[in-house]
Amino acid sequence: QLEEVLMIWYKQIEHVLIESKQIRRESNKTGPEVELEHWKYISAKLNFIIEQIKGQNCKAVLNVLRAGHSKILKTWQELDARITDAANESKDNVKYLHTLEKVCQPLYITDVVSMRHRIPDLIKAIQMIHGVSKYYNTSERMTSLLIKV
1 QLEEVLMIWY KQIEHVLIES KQIRRESNKT GPEVELEHWK YISAKLNFII
51 EQIKGQNCKA VLNVLRAGHS KILKTWQELD ARITDAANES KDNVKYLHTL
101 EKVCQPLYIT DVVSMRHRIP DLIKAIQMIH GVSKYYNTSE RMTSLLIKV
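By the UniProt record's numbering, the letter at position 83 of the sequence shown is numbered 83, and the numbering carries on one by one without gaps.
If you're looking for bench data, these hints aren't it; they were derived computationally from the structure.
From the three backbone atoms N, C-alpha and C, an ideal C-beta is built for every residue, glycine too.
Wrong hints could be hidden among the right ones.
Within a straight-line C-alpha distance of at most 25 angstroms, the following computed DMTMM-like cross-link-like pairs (lysine to aspartate or glutamate) qualify [claimed, not checked]: (1) 40 - 89; (2) 59 - 4; (3) 134 - 14; (4) 148 - 101; (5) 71 - 4; (6) 40 - 14; (7) 54 - 78; (8) 124 - 92; (9) 40 - 121; (10) 124 - 33; (11) 74 - 14; (12) 134 - 80; (13) 45 - 140; (14) 102 - 121; (15) 134 - 78; (16) 54 - 33; (17) 21 - 92; (18) 148 - 19; (19) 95 - 85; (20) 91 - 37; (21) 45 - 101; (22) 74 - 85; (23) 95 - 140; (24) 134 - 121; (25) 91 - 33; (26) 74 - 4; (27) 71 - 85; (28) 91 - 101; (29) 59 - 80; (30) 124 - 111; (31) 91 - 4; (32) 54 - 4; (33) 11 - 51; (34) 95 - 19; (35) 124 - 140; (36) 45 - 80; (37) 21 - 111.
FRET-style restraints, in silico, Cβ to Cβ [to be verified]: (38) 37 - 85: 19 to 29 angstroms; (39) 45 - 74: 21 to 31 angstroms; (40) 72 - 51: 13 to 23 angstroms.
Using the sequences and the hints, build the whole thing.
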């Protein structure tokens, strides 16, 4: 019965992982702060799951299944690694997008003429994200970000 419980948890977590990787459709009017909020939401969701996995209930189930040499544990460990990687990705994305937020925030309240003075800082921030971020530097993500900016 504990294997069934673990499989239910597995399916729920798998669903969250799939959901977090889906391409989002957004209005053409969304800006970079929408991207940051999205990654903050994903990060909070994944970190909550990791807290649950590290909790007493999950550990107890895993210990019993380990003692019984359950074959399902290998699948669970692979999922655990994927959820950890996804959480690290979301945390990394939040960190780098937060630096962009500092540069973009004035653009939301500044007139068009004053904006031109802020563009070099904005470009530098985007270049830094592209050059340093382990996860956010893909063509798809950078294109999406540039469109939002």
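Going through the hints against the structure:
Distance check on the hinted pair: residue 40 and residue 89 sit about 11 angstroms apart at the alpha-carbon level, within 25 angstroms; holds. Proposed proximity of residue 59 and residue 4 is supported: the alpha carbons are some 15 angstroms apart, at most 25 angstroms. With a CA separation close to 23 angstroms, the supplied pair residue 134 and residue 14 stays within the 25 angstroms bound. Of the supplied pair hints, the one linking residue 148 and residue 101 holds, its CA atoms being roughly 12 angstroms apart against a limit of 25 angstroms.
With a C-alpha separation of about 12 angstroms, the suggested pair residue 71 and residue 4 falls inside the 25 angstroms cut-off, and the hint holds. Taking the CA atoms of residue 40 and residue 14, the gap is near 19 angstroms; set against the 25 angstroms cutoff, the hint holds. At roughly 15 angstroms between alpha-carbon atoms, residue 54 and residue 78 fall within 25 angstroms of each other, so this suggested pair holds. Restraint check for residue 124 and residue 92: satisfied, since their Cα atoms lie roughly 18 angstroms apart, inside the 25 angstroms limit.
Of the supplied pair hints, the one linking residue 40 and residue 121 holds, its CA atoms being roughly 23 angstroms apart against a limit of 25 angstroms. A hinted pair counts as satisfied when its Cα atoms are at most 25 angstroms apart, and residue 124 with residue 33 qualifies at roughly 17 angstroms. Proposed proximity of residue 74 and residue 14 is supported: the alpha carbons are some 15 angstroms apart, at most 25 angstroms. Between residue 134 and residue 80, the direct Cα distance comes to roughly 20 angstroms. Compliance with the 25 angstroms bound is thereby established for this hinted pair.
Using a Cα cut-off of 25 angstroms, the hinted pair residue 45 and residue 140 holds, with the two alpha carbons roughly 23 angstroms apart. A hinted pair counts as satisfied when its Cα atoms are at most 25 angstroms apart, and residue 102 with residue 121 qualifies at roughly 10 angstroms. Among the hinted pairs, residue 134 with residue 78 is consistent with the structure: their alpha-carbon atoms are about 21 angstroms apart, no more than 25 angstroms. For the suggested pair residue 54 and residue 33, the alpha carbons sit about 31 angstroms apart, so the restraint of at most 25 angstroms is broken.
For the hint linking residue 21 to residue 92, the alpha-carbon distance of about 15 angstroms falls within 25 angstroms, and the restraint holds. This hinted pair checks out: residue 148 and residue 19 have alpha carbons roughly 21 angstroms apart, not beyond 25 angstroms. Annotation: proposed proximity of residue 95 to residue 85 holds, straight-line Cα distance about 15 angstroms (limit 25 angstroms). Between residue 91 and residue 37, the direct Cα distance comes to roughly 12 angstroms. Compliance with the 25 angstroms bound is thereby established for this hinted pair.
This hinted pair checks out: residue 45 and residue 101 have alpha carbons roughly 21 angstroms apart, not beyond 25 angstroms. Proposed proximity of residue 74 and residue 85 is supported: the alpha carbons are some 17 angstroms apart, at most 25 angstroms. Between residue 95 and residue 140 the alpha-carbon distance is near 19 angstroms, which keeps this suggested pair within the 25 angstroms criterion. Straight-line distance between C-alpha atoms of residue 134 and residue 121 comes to about 21 angstroms, which keeps the hinted pair within the 25 angstroms bound.
Restraint check for residue 91 and residue 33: the C-alpha separation of about 15 angstroms stays at or below 25 angstroms, so the hint holds. Taking the CA atoms of residue 74 and residue 4, the gap is about 15 angstroms. The hint holds against a cut of 25 angstroms. Of the supplied pair hints, the one linking residue 71 and residue 85 holds, its CA atoms being roughly 23 angstroms apart against a limit of 25 angstroms. Distance hint between residue 91 and residue 101 is fulfilled; the C-alpha atoms sit about 15 angstroms from each other, no more than 25 angstroms.
Straight-line distance between C-alpha atoms of residue 59 and residue 80 comes to about 12 angstroms, which keeps the hinted pair within the 25 angstroms bound. For the suggested pair residue 124 and residue 111, the alpha carbons sit about 21 angstroms apart, so the restraint of at most 25 angstroms is met. Under the criterion of a C-alpha separation no larger than 25 angstroms, the hint pairing residue 91 with residue 4 is inconsistent with the structure, at around 31 angstroms. Proximity of residue 54 to residue 4 is assessed by CA-CA distance (about 19 angstroms); at most 25 angstroms being required, the pair is judged to hold.
For the hint linking residue 11 to residue 51, the alpha-carbon distance of about 17 angstroms falls within 25 angstroms, and the restraint holds. With a C-alpha separation of about 21 angstroms, the suggested pair residue 95 and residue 19 falls inside the 25 angstroms cut-off, and the hint holds. At roughly 19 angstroms between alpha-carbon atoms, residue 124 and residue 140 fall within 25 angstroms of each other, so this suggested pair holds. A C-alpha spacing of about 15 angstroms is found between residue 45 and residue 80, which places the hinted pair at or below 25 angstroms, so the restraint holds.
With a C-alpha separation of about 36 angstroms, the suggested pair residue 21 and residue 111 falls outside the 25 angstroms cut-off, and the hint is violated. Here the CB-CB span from residue 37 to residue 85 is close to 22 angstroms, well matched to the stated 19 to 29 angstroms. At roughly 25 angstroms, the beta-carbon separation of residue 45 and residue 74 lies within the given 21 to 31 angstroms, and the hint holds. Our hint of 13 to 23 angstroms for residue 72 and residue 51 holds, since their Cβ atoms are close to 22 angstroms apart.
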